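Below, each chain spelled out in residue letters.
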Amino acid sequence: MSGDEIEEVDEAEGRRSIGEILREQVVAAGRALIFPAVALAIALLVGVVVILITGNSVIEAYAALLRGGFGSRQALGRTISNATPLIFTGLAVAIPFRGGLFNIGGEGQLFIGAIAGVWIGLTMPGPGPLVAFVAIIVAGLAGWIWGAIPGLLKIWGAHEVITTIMLNFIGINLTFWLAKNPLSGEGAVPGTGFVPEGVRLTRLGGGLGAAHYGFVLGIVAAIVAYILIWRTTKGYELRTVGQAPGAARYAGMSVAANSFLAIALGGMFAGLGGGLESLGTFGKVSVPFISNLGFNGIGVALLGRNHPAGVVLGAIFFGGLAAGAQQMQFSTGVPLDLADVLLAIVLLFVTATKLVEYLLGRRARTFAAGTRLEKGLAG
Amino acid sequence: MRTPKLLAALFALALLLAACGGGDEGESSGSSDASEPAAATSEAAGGASEAGSEGGTSSTDASDVMAAMVTDVGGLGDQSFNDSANAGLERAASELGAQKNVLESGAPTDYVNNLTQLAQNNFSPIFAVGFLMTDAVTEVAPQFPDQSFAIIDSVVEEPNVASLTFREEQGSYLAGVAAGLMTQEDTEFTNPDDKTVGFLGGLEGPLIKKFEAGYTAGVQSVCEDCEVLVEYAGTTPEAFNDPAAGQEIALRLNDRGADIIYHASGATGAGLFEAANDRQFFAIGVDSDQAAVNPGIPILTSMLKRVDNAVFQTVEQFANDEFPGGEVQTFGLAEDGVGLAPFGEFSDLVPSEVTDAVDQARQDIIDGNVEVPTEPQQ
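Chains B and E supply the protein sequences, listed in that same order.
If you count by the working numbering, then the first sequence holds residues 27 to 405, one letter each, in order.
If you count by the working numbering, then the second sequence holds residues -17 to 360, one letter each, in order.
Next up, chain E with everything else stripped away, as it sits in the complex (with noise of 0.2 Å):
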């Protein structure tokens, strides 16, 4: 009885395994020419850099431009900076004739893995996207001196790394004016009664004070008497993936009176955007046009941070032989790094005083006339 199970089951094997050669066979033809051209391009490029080096100002072909990046352990599909920097690249791809690849890191060890393997196949420039990976550039880049890299979110003081930092507090000041605007207008989400809004942090730390400093700037330009809460989600690196605390934190924040809720916490913003469609009083998202994805929900607009800009415009400047290796470039509303989203849907509960108190507040900022606090006041 037993034989026939066995030979039963190897024939099986066999017979899928020939299916595969098969299969294999016929593929590999096609691989084996679509891979030499890969790799003649490579030497191509690196020829290229090699005659641009020689050379001195003489601008790099733009379609030679061989960009690549790393993002950290949030991966593709996070629907924040890593996606955001993979549709910088893809504009680079298509509008500028760039090569790109993409490596995704399944742990903190692929870091300086993957980093090293996109520098020794000739890709440049290289994003590191995360300040995670802050560590790993500055172990990397110095090996690879000829080579350039860009960090986000993180400064590497190295001659060959620029480091692309954005001023998140100006986009958050904007959210600010819009809110603390809103909050003393009359709607089916917002009470006039109580001037107060709210702030859900995720990790508390510096890069979420700018939010918190920015937000309350903006909203006590427009409104001095109005009430800023401000909450944190927690201390770890799970406070930026905890919708439960959110939710429970933006409850308690409208018990308070806040009808206006700014999230800078990831995706623990799930939570608040579920509290706002629970008790129907208004969130702001963060990172992306939030409302856009979540149609239905009370998000009145969302804080942009444009990390697809600054990796467009990096590789610009790369394929402009004008690199800011060595340097910090900061991305604010002057240079569209940050700003804030239309108001979409909602767009009809507001009035125009307060898409222009928002424009005017943009433009105060881009001329210098207002400067945005970085760290909270109190």
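Just chain B, with the same shape it has in the complex (with noise of 0.2 Å):
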């Protein structure tokens, strides 16, 4: 968790101490966790409540939701299962978002990759891991593709929020109608016919359960996403086109282009997550598949304030809290809803900043930084 101005001062000085900069960093870094910490803190207070309701122990509850997110490798390997598509749905939201961009079109980019990753799968020849590999990258580009379109649309002057939720449907219903025609396989539950075993993506092993590497890949493509939008000069006018528009284009830069190329390469890391989901986790698409990984990486996005190491923070945060409330639910029998519940109350202060400026004071109005909504609304 790095704050982004504090590095850009950074380059421009380059004269201070080691000890100075990491200074700055962990405050950074702190000022960047409070927001979510005391979200969760207020979440978890009234989680209480409605463990009580339940008539349930909190603290027999609260441990299990511990212990079930993060207590054994097993729960370990839950959660990273969980947080692998989430880190890339996540991705798909928060570099639009560092556009100007709203990207709602997550779920249909997801599936639209899904579905592409396991006709590659399906139907290429030649060795288990060459096929893997090209399957990973059709379904990166099918995500572009199905991002590029609201992207083109929205040059032509059609918002960016409309475009992708209509483009949900029509990526979510293609995927259902391939998966049960042209890909249709045998078996109980309709869907594609499972890829051979090679194809499918290796696990992590180690008591992980059915962690796999797309999760290295998911820690990849955020270090990917942090050096294109901060360490690059596309990167940079991206951010200035999202930050100030006019400006922008005052610089000679092109906000069309921008856009487009915010809001595709959103598309394709929806994509990578949902290929690396049917190719690794399930080996399949079935009718119906995972559902809302696509719109859950908006609250990822959010959570982990549309910087690349939040997102990651965020998934494993969303997937330890789904893996723990499997847990509370077998233990206590507190229902699996309650994980729903605490989600939302966090996101909700996370996004609700003038509420804990007024708590925090005006000086929390920093600490907010990156999850303005009405930022990625603009554009």
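Think of the hints as simulated: they come from the structure by calculation, not from any bench.
Computed from a predicted model, the values in this text were never measured in an experiment.
All C-beta atoms, glycine included, are put in the ideal place defined by N, C-alpha and C.
No false leads were mixed into what you were given.
If you only want the chain B side, here are some residues facing chain E, beta carbon under 8 Å, derived: (1) Ser107; (2) Asn108; (3) Val215; (4) Ala236; (5) Ser312; (6) Val313; (7) Gln355; (8) Leu362.
To list a few chain E residues with every Cβ distance to chain B over 10 Å, as calculated: (9) Gln129; (10) Cys208; (11) Gln262; (12) Val275; (13) Val310; (14) Ala316; (15) Glu317; (16) Gly326; (17) Val352.
Join the two chains, each given in its own frame, into one complex according to the hints.
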């Protein structure tokens, strides 16, 4: 978690001691974490009420929640497995957001990537690892295309919020149609057949259950996204267009081209996430398929303040909460829905920046950087 | 100005925390007591099952049975097979003294996790409710060969998995008999001039085709020149959850003369009920006694799918060391796995010949005199 503003100052001065820089980094990270931490604390307090209403012990329930998310190798495996696609769908929201666009289309982009990956996995001959490699690339490309469509429509004046929502319906139903018709497989669960064993992503092993190497790719993707957006000229343009389109235009940057790039990149990440999920976790696309990963990506991005490092942490938090809720359901009978309640409250407070500003004072405003929705909707 | 606000907020937080902390302490003593016996019994159960397998034929004490189920994404409260399976487990708990645990699945990724979790905690038998879990059971069951699994509405070929399937066509046949006779009666809901009935299916596929086939055969067994109009709501899972489409189809079928419409379409059927209420024609419900939960709406009867009976019987078999692992169990009329609900509030409109004919058809099927098709004939 590093504050971008700080690092840019770094480059300008470049003469300060390492200790000073380190100190500032720690302060920046701390500031970045304050908002989610306060939100989490409030959510957990509300959760106490919910748990008491269900007639369970608060300590036992929260202990189970923690144990189920992070308490054992198996729990960690579940958390990682849940978090893997969310890193990608989180990036799919965060990157367009930095370019001034609000991508609601992660769900459709993920589905298109998932079916594209399985299509290659089922039909391409050759050694497993090579097929898997091509399949993942194609999944990313398919996502790129699905993100590029609203990018183009944006240039022609259609708002991306509307077009991405509409493309979700098309993407999801197109995927279902493909899975049930040309790619349909045998078996009781409707959907495609399983891709060959050699094409499926290798599991991490070490008692981590279903967690696969897609998680490692997720971390790599976050690093690539960071470098792309904060360490390249193109990324600088993209962020400038996002923050001040007028100034960017005055400086000779193309608002249209950068908006297009931002949302197509977002689509690519969602598509990659979908491909890894279908090739790694499931080995097929079933009907119905995993749902809401795209939409949860919005929450992950907000929680992670639209920063790649924050997205990774946010995804792990989301994944851990889902895994923990399952343990809580098993050990104490607290319904699965509590996890959703906690998440919703966390997101509510993370996004309700004005409220927390009121509570913490005006200084908190700087902590909230990167979470303001209006910035995303303005473009 | 800011500091007091911050202080006040912190103070409020601290108060809340203190209050909760107090509550926690009070409860934690109780809860730790509660958790110990649970751990103890699970050990005991593990010991018992070991003893059972070593001892060979010795019957497991039913109270040692730890039965569990995993719902599909429909979850509890679906008023359909998840609730029905849960009712079966509850009956097993109260009548056989079995322990029970129910895990709901929020997403398809949870299927494997939930099944694994239950298996690792020595639950057996573990019911996977719904064909959507077929792949998950195929993956998990071989990892726990000493424990028993059961899947509803699907077939998994593993030695420790019992596959519980239903003869929906048999129950639908009875619904067809009732519909075929009632459409020839003159009541406020039916018009004898138009010998037409309807079928509203959810997702078009082999499972719902079984309902259609049995229903059509039933209608034609009592009314050769009756016409059965068939429409499906769609080809995606959404077809089971689309009341608007259900209503539209029901109105269309009614326009074409259908005065009794049987649905096998999950929540889509709510649209049929609405249409039946507006136009005053008969609907026939599915899975559970839908007339009982929709009073005032002209629902003639319902085809019952007794997942609860299947679950209960399977737990009972497990307790008696007769678990049908590796077998496909079919629950039809004879096994009380399917049936037809009583005519309820409309029984006054139903002549005794109709109830007699339904009873006769039931007996004929049980005796094997009538073979009900599982695929539509056309």
